[in-house]
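If you want the building blocks of each chain, they are given just below.
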Amino acid sequence: AQSVTQPDIHITVSEGASLELRCNYSYGATPYLFWYVQSPGQGLQLLLKYFSGDTLVQGIKGFEAEFKRSQSSFNLRKPSVHWSDAAEYFCAVGGNFGNEKLTFGTGTRLTIIP
Amino acid sequence: GAGVSQSPSNKVTEKGKDVELRCDPISGHTALYWYRQSLGQGLEFLIYFQGNSAPDKSGLPSDRFSAERTGGSVSTLTIQRTQQEDSAVYLCASWGPSSYNEQFFGPGTRLTVL
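If you're matching them up, the sequences are chains A and S in order. Just so you know, we're using the numbering used here here: the first sequence kicks off at -14 and counts up by one. Just so you know, we're using the numbering used here here: the second sequence kicks off at 841 and counts up by one.
Errors might be hidden in some of the hints.
[As the list claims (entries may be wrong)] Selected chain A positions facing chain S (in silico; Cβ < 8 Å): (1) 17; (2) 28; (3) 31; (4) 34; (5) 36; (6) 75; (7) 82; (8) 84; (9) 86; (10) 89; (11) 91; (12) 92.
[As the list claims (entries may be wrong)] Residues on chain S that point at chain A, a partial pick, calculated with CB under 7 Å: (13) 871; (14) 882; (15) 883; (16) 888; (17) 935; (18) 941; (19) 942; (20) 945; (21) 947.
Just so you know, the hints here were simulated from the structure itself, not pulled from any lab data. Cβ coordinates follow ideal geometry from the N, Cα and C atoms, glycine included.
Can you make the complete structure from the sequences, with help from the hints?
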């Protein structure tokens, strides 16, 4: 069965500091990997996705993620966080060109301190 | 429309009542998904439609939950005899061959069962 693990429930970083959110997945075929962000009271917004090609993918808002097949990981990074990045971040895995149910991790809540 | 829409945005009901939640997918999207986001369970898949058929209902938590999709478009999720544990945000997503391998999420319906 497919699964996603986000080991960090809550992370606090200072504004301007770098960020890395961890995601490990288990999936039996070619994975389609996604990072979503959810601000309080808001819906899910796609940050970036990976399904083939270059293992380093760029997304919106200055985020990037690196796919490492050998480690079954898809970690999200940002070189310098802004106060507006405070939100909950979800990693998800699916397949079949994205036309398959997504399995989400439990999320990582990001707090930014001035 | 431009995006996935859901109605109502908020629903408060009494325990034991039936509720219907509606999802309007992006025009032309062939697949439609229902997910649920609750405090105890995170983001979980409920049901998937391809056209008007539901090949995967594996996430429906009990037989009180049902869903249908008509005309390959609008979908309704029905919860009968609501329980307090049904309180959650119900999210709908749609996918189409032109959606660049991603599911587009609606804003959700927040259901509160008193």
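Verification of the supplied hints:
1. Here the hint on residue 17 of chain A is kept, as its CB sits about 6 Å from the closest CB of chain S, short of 8 Å.
2. At about 4 Å, the closest approach between the beta carbon of residue 28 of chain A and any beta carbon in chain S falls short of 8 Å, and the interface hint on this residue holds.
3. For residue 31 of chain A, the suggested interface contact is upheld, since its CB lies about 6 Å from the closest CB of chain S, less than 8 Å.
4. The interface hint given for residue 34 of chain A holds, since its Cβ lies 6 Å from the closest Cβ of chain S, which is under the 8 Å cut-off.
5. With a least beta-carbon distance of about 6 Å to chain S, the hint placing residue 36 of chain A at the interface is held under the 8 Å criterion.
6. For residue 75 of chain A, the interface hint holds, the least distance from its beta-carbon to any beta-carbon of chain S being 6 Å, beneath 8 Å.
7. Annotation: residue 82 of chain A was flagged as interfacial toward chain S, and the flag holds, the nearest CB pair being 5 Å apart, inside 8 Å.
8. Given hint, residue 84 of chain A at the interface with chain S, holds; its Cβ is 5 Å from that chain's nearest Cβ, closer than 8 Å.
9. Because the smallest distance between the Cβ of residue 86 of chain A and any Cβ of chain S comes to about 4 Å, under 8 Å, the interface hint for this residue holds.
10. Interface hint status for residue 89 of chain A: upheld, as the beta-carbon distance to the closest one in chain S is roughly 4 Å, under 8 Å.
11. Taking 8 Å as the C-beta contact cut-off toward chain S, the hint placing residue 91 of chain A at the interface holds, the least distance being around 5 Å.
12. The criterion of a C-beta within 8 Å of any C-beta in chain S is met by residue 92 of chain A, whose closest approach is roughly 6 Å, and the hint holds.
13. For residue 871 of chain S, the shortest C-beta to C-beta distance to chain A is roughly 5 Å, which falls under 7 Å, so the interface hint holds.
14. Because the smallest distance between the Cβ of residue 882 of chain S and any Cβ of chain A comes to about 5 Å, under 7 Å, the interface hint for this residue holds.
15. A least Cβ separation of about 4 Å between residue 883 of chain S and chain A falls short of the 7 Å threshold, and the interface hint therefore holds.
16. This hint holds: residue 888 of chain S has a C-beta 6 Å from the nearest C-beta of chain A, less than the 7 Å allowed.
17. Checking residue 935 of chain S against chain A by beta carbon gives a least distance of about 5 Å; that is within 7 Å, so the hint holds.
18. Hint on residue 941 of chain S holds. Least Cβ distance to chain A is approximately 4 Å, under the 7 Å limit.
19. Because the smallest distance between the Cβ of residue 942 of chain S and any Cβ of chain A comes to about 5 Å, under 7 Å, the interface hint for this residue holds.
20. The closest approach between the C-beta of residue 945 of chain S and any C-beta of chain A is roughly 4 Å, which is under the 7 Å cut-off, so the hint is satisfied.
21. Annotation: interface hint on residue 947 of chain S holds; nearest CB of chain A at approximately 4 Å, less than 7 Å.
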